[in-house]
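Chain D: place on chain B using the hints.
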Amino acid sequence: MPNGWKRAGRKHGGWKQGGRLAAAACAMALIAGCGGGGSIDDQTQENESKASGDCGEVNMAINPWVGYEASAYVVGTVAQEELGCTINYKELKEDVSWQGFGTGEVDIVIEDWGHPDLEKKFFAESGDGSAEDFGPNGNVGIIGWFVPPWLAEEHPDILDYKNLNKYAKEFSTSESGGKGQFLGADPSYVQFDEAIVNNLDLDFKVVFSGSEAATITAFQRAEKNKEFLIGYFYEPQWLFADIDLQRVKLPEYTDGCQDDPAKVDCDYPETELKKIVSTSWVDDGGPAVDLVKNFTWTNDDQNLVAKYISEDGMAPEEAAKKWIDENQDKVDAWIG
Amino acid sequence: MSVTTARPRLDPDTSAPPQPPRRTLPRWAWALIVIGVWILIWVFTKGQDTLQMPQRAHTDVQQALTEFRDAVLASRDTNPLVELTYQIGAWFVDVVDWLQRLVSIPDFPRPVPQIGWLGVVALATWAGLAAAGWRIAILVGASFLSFGLFGYWSDSMDLLIITGVAVTIAILIGLPLAVYYGTAGRTGVKVVTTLLDLMQTMPTFVYLSPVVLFFGIGASAAVVCTVIYAVPPIIRIAGHGIRNVSRTTIEATDSSGQTRWQRLTKVQLPMARSTIVVGINQTTMAALSMATIAAFVDGPGLGQPVLSALVRNDVGNAFVPGALIVVIAVMLDRTTTAASEASEKAARGQIDLRMRRMVLAATGVAALVAVWVSRQYVWAAEFPETSWGVTVADGVDSFFAWITETFDGLTQAVADAVTYGLLNPLQELIAESPWWLTALAILALALVFGGVRALLPTVVCLTGLRVFGLWHDAMVTLTMVLVATVLVMALAVVLGVWMARRRAVDLVVRPFLDAGQTIPPFVYLIPVLALFGPSRFTAIIAGVVYAAPVAIKLVADGVRGVSTTTLEAARSTGSTTWQEITKVQLPMARDSLVLAANQGLLYVLSMVVIGGMVGAGALGYDIVLGASRSEEWGKGAAAGISIVLLGIMLDRIMRASAQEDADSHRA
Numbered sequence: 001m002p003n004g005w006k007r008a009g010r011k012h013g014g015w016k017q018g019g020r021l022a023a024a025a026c027a028m029a030l031i032a033g034c035g036g037g038g039s040i041d042d043q044t045q046e047n048e049s050k051a052s053g054d055c056g057e058v059n060m061a062i063n064p065w066v067g068y069e070a071s072a073y074v075v076g077t078v079a080q081e082e083l084g085c086t087i088n089y090k091e092l093k094e095d096v097s098w099q100g101f102g103t104g105e106v107d108i109v110i111e112d113w114g115h116p117d118l119e120k121k122f123f124a125e126s127g128d129g130s131a132e133d134f135g136p137n138g139n140v141g142i143i144g145w146f147v148p149p150w151l152a153e154e155h156p157d158i159l160d161y162k163n164l165n166k167y168a169k170e171f172s173t174s175e176s177g178g179k180g181q182f183l184g185a186d187p188s189y190v191q192f193d194e195a196i197v198n199n200l201d202l203d204f205k206v207v208f209s210g211s212e213a214a215t216i217t218a219f220q221r222a223e224k225n226k227e228f229l230i231g232y233f234y235e236p237q238w239l240f241a242d243i244d245l246q247r248v249k250l251p252e253y254t255d256g257c258q259d260d261p262a263k264v265d266c267d268y269p270e271t272e273l274k275k276i277v278s279t280s281w282v283d284d285g286g287p288a289v290d291l292v293k294n295f296t297w298t299n300d301d302q303n304l305v306a307k308y309i310s311e312d313g314m315a316p317e318e319a320a321k322k323w324i325d326e327n328q329d330k331v332d333a334w335i336g
Numbered sequence: 001m002s003v004t005t006a007r008p009r010l011d012p013d014t015s016a017p018p019q020p021p022r023r024t025l026p027r028w029a030w031a032l033i034v035i036g037v038w039i040l041i042w043v044f045t046k047g048q049d050t051l052q053m054p055q056r057a058h059t060d061v062q063q064a065l066t067e068f069r070d071a072v073l074a075s076r077d078t079n080p081l082v083e084l085t086y087q088i089g090a091w092f093v094d095v096v097d098w099l100q101r102l103v104s105i106p107d108f109p110r111p112v113p114q115i116g117w118l119g120v121v122a123l124a125t126w127a128g129l130a131a132a133g134w135r136i137a138i139l140v141g142a143s144f145l146s147f148g149l150f151g152y153w154s155d156s157m158d159l160l161i162i163t164g165v166a167v168t169i170a171i172l173i174g175l176p177l178a179v180y181y182g183t184a185g186r187t188g189v190k191v192v193t194t195l196l197d198l199m200q201t202m203p204t205f206v207y208l209s210p211v212v213l214f215f216g217i218g219a220s221a222a223v224v225c226t227v228i229y230a231v232p233p234i235i236r237i238a239g240h241g242i243r244n245v246s247r248t249t250i251e252a253t254d255s256s257g258q259t260r261w262q263r264l265t266k267v268q269l270p271m272a273r274s275t276i277v278v279g280i281n282q283t284t285m286a287a288l289s290m291a292t293i294a295a296f297v298d299g300p301g302l303g304q305p306v307l308s309a310l311v312r313n314d315v316g317n318a319f320v321p322g323a324l325i326v327v328i329a330v331m332l333d334r335t336t337t338a339a340s341e342a343s344e345k346a347a348r349g350q351i352d353l354r355m356r357r358m359v360l361a362a363t364g365v366a367a368l369v370a371v372w373v374s375r376q377y378v379w380a381a382e383f384p385e386t387s388w389g390v391t392v393a394d395g396v397d398s399f400f401a402w403i404t405e406t407f408d409g410l411t412q413a414v415a416d417a418v419t420y421g422l423l424n425p426l427q428e429l430i431a432e433s434p435w436w437l438t439a440l441a442i443l444a445l446a447l448v449f450g451g452v453r454a455l456l457p458t459v460v461c462l463t464g465l466r467v468f469g470l471w472h473d474a475m476v477t478l479t480m481v482l483v484a485t486v487l488v489m490a491l492a493v494v495l496g497v498w499m500a501r502r503r504a505v506d507l508v509v510r511p512f513l514d515a516g517q518t519i520p521p522f523v524y525l526i527p528v529l530a531l532f533g534p535s536r537f538t539a540i541i542a543g544v545v546y547a548a549p550v551a552i553k554l555v556a557d558g559v560r561g562v563s564t565t566t567l568e569a570a571r572s573t574g575s576t577t578w579q580e581i582t583k584v585q586l587p588m589a590r591d592s593l594v595l596a597a598n599q600g601l602l603y604v605l606s607m608v609v610i611g612g613m614v615g616a617g618a619l620g621y622d623i624v625l626g627a628s629r630s631e632e633w634g635k636g637a638a639a640g641i642s643i644v645l646l647g648i649m650l651d652r653i654m655r656a657s658a659q660e661d662a663d664s665h666r667a
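Going down the list, the protein sequences come from chains B and D. At position 237 of the first sequence (counting the first as 1) the number is 237 in the working numbering, and the numbers step up by one without a gap. At position 22 of the second sequence (counting the first as 1) the number is 22 in the working numbering, and the numbers step up by one without a gap.
Isolated chain B (complex conformation):
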């Protein structure tokens, strides 16, 4: 590879030339330096004199979906603006977030979809007591089987599971081995689709998309190209602002019908989403504890902020600020 040393080695010329260049750069920097711009010392003094609130630092987990991000940044921004907290946002999957409660690295999971296994390990009743349930956040999770809107419109009867076998051939793909394809979701989600398909005698094979990105892309493609597609999806989710996916009716959920994973033959229940927090953080009792305790909002609220982020391309902080400015009354209720 050619480089400066080779020439320098031969003629020593590169260094002289470089010296001149450097001198010029140096002079330019000085001129620019005198040119202006704010002084950092002034701002430092200002920061010092501004008494930092007694809230201290709060560690907020950011689990990887936009609706979660919306809730987290709204709560975080309120804590920062109104209570003077310093918020550390940490991008983590659920499993890892829960591990952080005990080590002081995570204080808040703002939207939890139910993790019995983690609760067993970290709640006081059966585990090490590093985490506790802080009540519902007001969002209701709706999980189910969905089809793109064009399909629901052209074949309305597809919205009942009893008619699905009639269309099984249409749903088949290169992945489904002659049966209809059912698109299973991101592995982090609770799903019983293989059992439901089996127990309802549906002529389908569950193919796992493997990630939310893959599922969303699949639904977008199916709507655009008018392809047959049925798969697992959930609300609240920003995609609904873009494509109004239609839910397919399954046998109604009754208490206990999902207790044995192998025997599930019913629809998913509505999930009350809740806040999980670190026990030691609550015991320390900063002002943000009450804020998180009081925080609730609706699916529509969350969808709006999620849409600001994903559709309008706003930074999460900006999106949160915008919503807070427009909904000061709700925010005031949380601060109490």
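Because the hints were derived from the structure by calculation, they are not lab data. Remember, it's a predicted structure, so these values are computed and weren't measured experimentally. There could be a bad hint or two in this list.
Claimed, not checked - Covered stretches of chain D (chain B as the covering partner; in silico rule of three or more C-beta atoms under 8 Å from a C-beta of chain B):
id, segment
1, 61–75
2, 102–111
3, 152–164
4, 299–311
What the hints assert, rightly or not - Across the chosen pairs, the derived CB separations fall in these ranges:
id, chain 1, residue 1, chain 2, residue 2, range
5, D, L507, B, D312, 50 to 60 Å
6, D, L81, B, P269, 39 to 49 Å
7, D, Q258, B, G104, 13 to 23 Å
Ideal Cβ positions, reconstructed from N, Cα and C, are used throughout, including at glycine.
Relative to the frame of chain B, chain D by itself:
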């Protein structure tokens, strides 16, 4: 996921070649017989004993793995080992935090870092100048400016910090091990080789959650998993360099009565210097490729914006930080290479040291002035906002929108052709045969191609696959890996030969290959999905994109290495271009082709997890599942081990086969 040009497998097998057995039939004929018998039995037994399991079921072994993890987790407050590792993790966090306050995040109460962007750019440029000369200084300066201009200044600084800390630790751990590897006996080498294979083929997702358990979240986890992934190259390459110091030199110096320590420090290490630098370079590249994975546990750096753009299905905003990772990789690669050349020059006294000192002093003063300015004024401390990043992101978005619109039908046709024509039949045979049949067939093929020496590793790996309970998934994965490797080799031969024969083609294609190797696969996940939908074929394409560059480069270099006299001899006998390629160039570049296939296969294997995220199911899905759901950790770990076993098995068969070849040629 490594960025290295060649994941080096360099341990020279010094064993004396055994006399090859006389063959009555060529190997391909034997292979056909084995496959024929396989198909015959398959016809009567397919679908039996395939060991397929429902996606959320697990075996006792997998459950035991989960319970082991739970036990460690439950003991974390009392376990002294965890306390120790946690201390180490906390120390990493402190170091990284201190560096961040220095250059990337506001050091409260200052509204900005201690050294603003102008100071950092000036210092980096000066360092480039001091280490490697003017060209590199300009490259470094321009790269640093691009971080700010595209709007990712602090994320880029964070990535450089994590990479710097991780590579330093990797060198501290790696060099002593390299010395051992370079001087150990045969058994020692075999043990270390297997360990390194394990570290490099074990999917990073599998150890992400245990690393968090032992070292904590964020910078500490990022540093640790980067070190685990980045340390093998330096051990392999530097060890190789130390071993290859010529015997005669060592004997000559030994005769003067030196101690082992003197031999090492005065002869072996200095003579292996340039190889050691290559090792450090490769370790750095591997470290960079962990950026996006580390972001899964809140590791600071450019991986974070890539991942959060992925969550929003936002191609453009994943592309820009992804491309900046490529910029960092190119910058560090060229700098380390040039620095080692430069220091060699200096050692040979080809540089005017007085002049050099003067220039460095003068420019050093200029850099310090820039640092001072960046500490005083906000404009020099906080990178001014530009719209460059947004413009590029929008451009990339519309480019991909256009591609998907235009090629949708075509891509679907290609996907269907490969899936129905190649993938499905092959999977039907490999995965839908009873497990014992497939196992026997693989064993027979290993024997045919690799001879007796391939037998033991194959038996061990197949047994392991059976024990960890994911046989069916492993066979589906094996099918995909084989198909992807065939496609990689097809591309490698066509493009490689073309590049070797036409200088202009090489010049145009090579930068794309560099980028293809370095850009995080997460960046092209969405475009590939948009073109092909979630399917096994999509996973294969992702694997090919990632693995083809290495294979193409290796083939191109091999073909170019064919001696010109041989070529001219062929030309003088009037052979056509086609004959020249097929009769002379390709056969003579055989070793490169074998190496390319081997590397291509291992690279494809390292993409299996990504495949799981685009609808390919099988082992990739199991690993993502294990990383996502606490109760499935054991299954994920079992899947990770299965990938390692597949990788080692295929690698050993291929190497034994190449060895057999060499033997029969010699005979």
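Each hint tested on the structure:
1. 61–75: holds (count 3)
2. 102–111: This one holds; 4 residues, not fewer than the three required, reach chain B with a Cβ under 8 Å.
3. 152–164: violated (count 0)
4. 299–311: holds (count 5)
5. L507/D <-> D312/B: 50 to 60 Å: The hint (50 to 60 Å, Cβ to Cβ) is violated, given that L507/D and D312/B are roughly 42 Å apart.
6. L81/D <-> P269/B: 39 to 49 Å: holds (42 Å)
7. Q258/D <-> G104/B: 13 to 23 Å: violated (54 Å)
Comparing the model with each earlier hint shows violations of hints 3, 5 and 7; every other hint is respected.
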